[in-house]
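Top line first, the protein sequences correspond to chains A and B.
The opening position of the first sequence corresponds to residue 0 in numbering that gives the first Met the number 0, with each subsequent residue numbered one higher.
The opening position of the second sequence corresponds to residue 0 in numbering that gives the first Met the number 0, with each subsequent residue numbered one higher.
Certain hints may be false.
Ranges of calculated distance between the beta carbons of each label pair, as one might list FRET restraints [claimed, not checked]:
#: 1; chain 1: B; residue 1: A423; chain 2: A; residue 2: I66; range: 53 to 61 Å
#: 2; chain 1: A; residue 1: R3; chain 2: B; residue 2: S275; range: 49 to 57 Å
#: 3; chain 1: A; residue 1: A26; chain 2: B; residue 2: G79; range: 39 to 47 Å
#: 4; chain 1: B; residue 1: G119; chain 2: A; residue 2: I66; range: 33 to 41 Å
#: 5; chain 1: B; residue 1: C426; chain 2: A; residue 2: Y116; range: 42 to 50 Å
#: 6; chain 1: A; residue 1: E98; chain 2: B; residue 2: E205; range: 20 to 28 Å
#: 7; chain 1: B; residue 1: Q341; chain 2: A; residue 2: R100; range: 48 to 56 Å
The set of hints was computed from the structure by calculation and includes no laboratory data.
Since we're looking at a predicted model, the values are computed, not measured.
Ideal Cβ positions, reconstructed from N, Cα and C, are used throughout, including at glycine.
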Amino acid sequence: MAIRIDPEKCTACMACELACGYHRDDAFALISSCVVVYRARESKDYLGVLLKEEEELVIARPEGLEIKRIGATDEEQSSGGGDASAKPMLLREACDLCEDREEGPLCLQVCPVDAIYQD
Amino acid sequence: MEYLSSDKVAVIDLASGEVSEDELSEDLVAQRIGGAGVTAALYEQHKDGDPIVLGAGLLTGTLTPASSLAVMTAKSPLTGTVVHAPLTQYMGQELKYSGFDYIVIRGAAPEPSFLWIHDGIADMEPAGDLWGKDVWSAVQAVRQQMGDELIQVLGAGPAAEKGSNLAQVMVNQWASGDRFGLGKLMAAKNVKLIAVRGMGLLEIAEDDDFVTRCLEILGQVKSGAWAGRQGQGDLGAALGFDDYAAWLEPLVHRSHSSFNTPFAYNTFLFLDDDPSLLEESAQSEPGVLLGDPAAAGVLRAMGLAAADAAAVIKACAKAGLDAVAAAKVCQAQGKTAAAEIQAALEGIDGTVVGLSGPFSDWAPQGLASDAASWKRRMAVAYIFGIDPIFALMAPEISEEGLVELAALGTGLEITQDSLDAVVADLCG
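Can you build the whole structure from these sequences, using the hints too?
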């Protein structure tokens, strides 16, 4: 049951990003998160969410959800979100569905608008 | 300070360019908690330098719902009193993870400068080529210079450089909650921008209990009165702005949240592209972000159509003007046509009436039951780092819950008595 994101519901609050970072680091941090809010197009109000899975990259754009195989030649896949100081997406660990949490994925629980679901 | 902290306070002497660092004292946090509680104390400590003090709330940047707030504390050039301006969107969390808990900015720089706060380093950089730029161009320029589109920026625009009383400190391209002319203060210190970026880490004293409590509070919030609502339209309706949502609707692109804030009250209005567009706009600046209903409300009352009002707000954002104040000055001068108002913005100045500190009225008083409740709620929000608008909307984020989280997060003895004392001090 993979994690999926509804881009129409997402409000780009970054709660999922922080939750995943907490799951990985047992502290509050954003650098290790496998789910990242794409917010480099702020002046155009173009926001989305990227999620790294083991073999796929889930890209929740406003126009719809896209799932791409990691390794395809695509500039956007390697861009990592348009920022120099954050960790590029493809270098991050893949989503493990918070396998060590009895309650399941923390990102689902923290999303205030239920934009994250399992499919 | 071991938990929920970078354990660093930067003190920047603008005249000399020297940066010193102090540890963040646990005694200070136990006594003053965080946010405006600590920035006020640091202001007093450094008041001989007419400082600007920046800081995040104690719980900013954590999984506490609505933990988006940073605070700018300074003596307002408009009131002559110490005030606190709320800074939301992503500025709070960026400051919290920047490697500094608080930043004290003393004196004035000899030349136009910008501050670059990044991963525990505070640099002062020349800003000669930024001075004179509108806010949007300056933000873009510093992001390009540093190669990072996610840098969060506090900016002073051309209005501030000209010494206008209506100059507001801007958060990236957008209006902040500053109603106190702190943009003017920044420019008077020759500080064009404060750029912030950080990928820090915050340890938590009792992490499992802390996160569990956060989730409990979030669950209550999601069942609360604001569940399923979003945007400036719903916010305006709650404030009794008749047909406000309908007036805005033709321009509404999307609404989104400040960091970890359940209610998405930041509404982006498209002026130069189809608001129903889902793909990335081909226009570089298709519209403007509306973070509170006050400016649009004043302009609407002056008879402007939504598109004209949004265009005025966009022009104010570029100039670094408090759009509410600018609109009221124009109104007082009898300028009510859109073209008149736009023309008046260049070089606009005036007296801002109705200011009473220490907290900005950016978070609408109409969301509180009375003035005293509003003031206390602002103090609590500014101390813990809770989005002040959402703090008014969500009683589920209780003082008891915040005190409990503070204790769980820091391992310090922070109690309701602690909070009452800081609130009393801030509220006067």
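Each hint, compared with the structure:
1. Distance hint check: the CB atoms of A423/B and I66/A are about 55 Å apart, consistent with the given range 53 to 61 Å.
2. Between R3/A and S275/B the beta carbon distance is about 24 Å. The supplied range of 49 to 57 Å is therefore violated.
3. Separated by about 42 Å at the C-beta atoms, A26/A and G79/B satisfy the suggested range of 39 to 47 Å.
4. Judged by the Cβ atoms, the range 33 to 41 Å given for G119/B and I66/A holds: they are separated by roughly 37 Å.
5. The given range of 42 to 50 Å is respected by C426/B and Y116/A, whose C-beta atoms sit roughly 43 Å from each other.
6. Look at E98/A against E205/B: about 23 Å separates their beta carbons, and that is inside 20 to 28 Å.
7. In this structure the supplied range 48 to 56 Å holds for Q341/B paired with R100/A, their Cβ-Cβ distance being about 54 Å.
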